[in-house]
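Here are the chains, one letter per residue:
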Amino acid sequence: MFAALRKSFSLTAEQRALFKAKRIEGRFGPDDLIAKLKPLAEFDRIGDKGRSAGCGIIATLVLVAVVGGFLVLASDVSPVWFLGIVGTCLFFIVVVAVLNARLSRLDDQENYLRSVALPFLSALRQDLADGAELDVRIDFSRIKQKSKRDRVEKPPLPKGFSKLVNTYYKNPWFEGSAPLAIGGRVHWQVTDTLLESSRTKRGSSGKWKMKTKTKKTSRLDVKLALPARRYRAVSAGDPDVAIGDRRIEVALARKMASGESTPVLDGLIDLVALAFNKVKPITANTEATP
Amino acid sequence: MSGCECKTGFFTLRACEKSVVGRCYTCKRAMCRDHAVPASTTQCLDCLAKEKRARQSPTPNRGSKVTSRGTAHTTTHDGDYDENWLYERRQRVRDTAATGTVGGGAVASHHASGGAFDEQDVRAFDDLDVERDDDFNASSGFGDS
Numbered sequence: 137m138f139a140a141l142r143k144s145f146s147l148t149a150e151q152r153a154l155f156k157a158k159r160i161e162g163r164f165g166p167d168d169l170i171a172k173l174k175p176l177a178e179f180d181r182i183g184d185k186g187r188s189a190g191c192g193i194i195a196t197l198v199l200v201a202v203v204g205g206f207l208v209l210a211s212d213v214s215p216v217w218f219l220g221i222v223g224t225c226l227f228f229i230v231v232v233a234v235l236n237a238r239l240s241r242l243d244d245q246e247n248y249l250r251s252v253a254l255p256f257l258s259a260l261r262q263d264l265a266d267g268a269e270l271d272v273r274i275d276f277s278r279i280k281q282k283s284k285r286d287r288v289e290k291p292p293l294p295k296g297f298s299k300l301v302n303t304y305y306k307n308p309w310f311e312g313s314a315p316l317a318i319g320g321r322v323h324w325q326v327t328d329t330l331l332e333s334s335r336t337k338r339g340s341s342g343k344w345k346m347k348t349k350t351k352k353t354s355r356l357d358v359k360l361a362l363p364a365r366r367y368r369a370v371s372a373g374d375p376d377v378a379i380g381d382r383r384i385e386v387a388l389a390r391k392m393a394s395g396e397s398t399p400v401l402d403g404l405i406d407l408v409a410l411a412f413n414k415v416k417p418i419t420a421n422t423e424a425t426p
Numbered sequence: 201m202s203g204c205e206c207k208t209g210f211f212t213l214r215a216c217e218k219s220v221v222g223r224c225y226t227c228k229r230a231m232c233r234d235h236a237v238p239a240s241t242t243q244c245l246d247c248l249a250k251e252k253r254a255r256q257s258p259t260p261n262r263g264s265k266v267t268s269r270g271t272a273h274t275t276t277h278d279g280d281y282d283e284n285w286l287y288e289r290r291q292r293v294r295d296t297a298a299t300g301t302v303g304g305g306a307v308a309s310h311h312a313s314g315g316a317f318d319e320q321d322v323r324a325f326d327d328l329d330v331e332r333d334d335d336f337n338a339s340s341g342f343g344d345s
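Sequence lines, in order, name chains A and B.
The letter at position 36 of the first sequence is residue 172 when you use the working numbering, and the numbering goes up by one with no holes.
The letter at position 16 of the second sequence is residue 216 when you use the working numbering, and the numbering goes up by one with no holes.
This is chain B alone, in the form it adopts within the complex:
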């Protein structure tokens, strides 16, 4: 056992090679303390994240929505961004890299026009009729203040 066989990094992966505390029973890789599930030396965080994703993928949790590509994106989060979230999200980043897609919309060129609102955004207000209050409540994505 020379060093940790797990990969470190989030966007780019590289060898970890820290001193080993155990071996993951799922993937059989040697792992360091940073890559082992806290208070455990029998499973690595990657495998735990994979298991969680596999459990979640058939039916998304409450607060999640399924995009057109079929991946579940959590829409609400209670601020519990821990190690598990990090490893689950890292795997989603790898999936994105494999499919070459980015969740949630198109990517514009950096040199595209810098205006945050286009004509269409402003025109969305033109349909508003203050006489009919229902229109305000039913509008898509607008919030009264």
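Okay, chain A solo, but in the shape it has when bound:
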């Protein structure tokens, strides 16, 4: 936790501004972009650990206060001891809670920056042309906010329910395109959709109960455009490959029913790899085994 706090004090003004905006957009050199993202990702990682540690400290202090207070009350020692133990614990609980809140305010974001965007860009950097620049947009703010609300539906009520509202949030949070060293361009987009279903029902005892449940999916889109004079489709009639006069384009999409980051990273890398596998060079084979 203290490492996270130290790190938070060492953030530069630009990094603080990026954390506040929770968005990076523009044209960057790959090395510049990765150098910009790395400290943010590192702070996000340390911040998450720090907050977990803070919660652990608070839980321990509560336990100490309860057990210590009970033992003091059960024994014959002065009540001053009770006040001392409980008061000290309460003081430190407040201090840790305030520090945790400070970390949360600064680091209130999805983990996608460190667990998807940064590793994907590090991998893609190796395939870019020398001196190439990427067009990138990364929005790492939370998906559940008003500006990302896509639509609200009130479907027919199932039996026994008095209210049912489905709210859909849409978040195209990672998008970009980059020129490749082998010629052509790759474009990718990751869009998260969150379905939040709130249901209200009156139980047999007459008590009203409300439950809210969520489900998140990620849609990955990859487009690969390569010069048609140098590449051809691996299999003729492939519906994912469009062959034009000048360009051959591969367009793939994939829906992932997962809110976790690692499958999204794996899915994105695999999808780009699959797009490359659908075309092959007409002349010399540029792909070789490592």
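Accuracy of the hints is not assured; some may be wrong.
As the list claims (entries may be wrong) - Simulated crosslink set (DSS-like; lysine-lysine; CA at most 27 Å straight-line): (1) A/416 <-> B/207; (2) A/306 <-> A/359; (3) B/207 <-> A/174; (4) A/290 <-> A/306; (5) A/156 <-> A/172; (6) A/282 <-> A/347; (7) A/172 <-> A/158; (8) A/414 <-> B/228; (9) A/359 <-> A/284; (10) A/359 <-> A/158; (11) A/280 <-> A/347; (12) A/290 <-> A/280; (13) B/218 <-> B/252; (14) B/252 <-> B/207; (15) A/345 <-> A/359; (16) B/252 <-> A/359; (17) A/414 <-> B/207; (18) A/158 <-> A/174; (19) B/228 <-> A/174; (20) A/306 <-> A/284; (21) A/343 <-> A/284; (22) B/218 <-> A/416; (23) A/156 <-> A/280; (24) B/250 <-> A/416.
Calculated from the structure, these hints are not laboratory results.
Since the structure of chain A is provided, determine the placement of chain B on it from the hints.
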């Protein structure tokens, strides 16, 4: 020794040919500083990644699961995406290319219907009974908020 004999790139491999700093004792290829294990001129990053994969493949680590194809996919990661991860992942990409499969599910056509949730997704909520809280906790993949 003309230039680095390792391949550069992630999705597409091409010759590196940077100036050589040593030769890998495993694959005997000449390698540049970028392709040598950091602080070493005796092993290339490809061979290190191969060794790591060979060590990991019989029993996946904690936090990994084995897919139906038998490949280990790490499900949790602590953000340590370094050069080793990059080279290990590159080899998995080559394996994917060799088998023609993509991990983690089917690939839809780009022109498939754009709705992120289909009927089945929404219907999954229909079984919920707010009277029985256990149902909420036992549901697959749903999280209370």
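Hints versus structure:
1. A/416 <-> B/207: Measuring from Cα to Cα gives roughly 18 Å; hence the hint holds.
2. A/306 <-> A/359: Holds, at about 21 Å.
3. B/207 <-> A/174: 25 Å, holds
4. A/290 <-> A/306: Holds, because 18 Å separates the two Cα atoms, which is no more than 27 Å.
5. A/156 <-> A/172: 15 Å, holds
6. A/282 <-> A/347: OK: residue 282 of chain A and residue 347 of chain A at ~20 Å, within 27 Å.
7. A/172 <-> A/158: Cα-Cα ~13 Å, so holds.
8. A/414 <-> B/228: It is violated: about 32 Å lies between the C-alpha atoms, which goes past 27 Å.
9. A/359 <-> A/284: 25 Å, holds
10. A/359 <-> A/158: OK: residue 359 of chain A and residue 158 of chain A at ~26 Å, within 27 Å.
11. A/280 <-> A/347: Judged against 27 Å, a Cα distance of about 17 Å means the pair holds.
12. A/290 <-> A/280: Distance of about 19 Å is within 27 Å: holds.
13. B/218 <-> B/252: 25 Å, holds
14. B/252 <-> B/207: Roughly 19 Å separates the two Cα atoms, so the pair holds.
15. A/345 <-> A/359: At roughly 46 Å apart (the allowed maximum being 27 Å), residue 359 of chain A and residue 345 of chain A break the hint.
16. B/252 <-> A/359: At roughly 32 Å apart (the allowed maximum being 27 Å), residue 359 of chain A and residue 252 of chain B break the hint.
17. A/414 <-> B/207: 21 Å, holds
18. A/158 <-> A/174: 14 Å, holds
19. B/228 <-> A/174: Since the Cα atoms of residue 228 of chain B and residue 174 of chain A sit roughly 34 Å apart, the hinted pair is violated (cutoff 27 Å).
20. A/306 <-> A/284: At roughly 6 Å apart (the allowed maximum being 27 Å), residue 284 of chain A and residue 306 of chain A satisfy the hint.
21. A/343 <-> A/284: Not satisfied, since the Cα-Cα distance of roughly 33 Å exceeds 27 Å.
22. B/218 <-> A/416: 26 Å, holds
23. A/156 <-> A/280: Given that 27 Å is the threshold and the Cα spacing comes to 17 Å, the pair holds.
24. B/250 <-> A/416: 26 Å, holds
The structure does not agree with the numbered hints 8, 15, 16, 19 and 21 stated previously, though it agrees with the rest.
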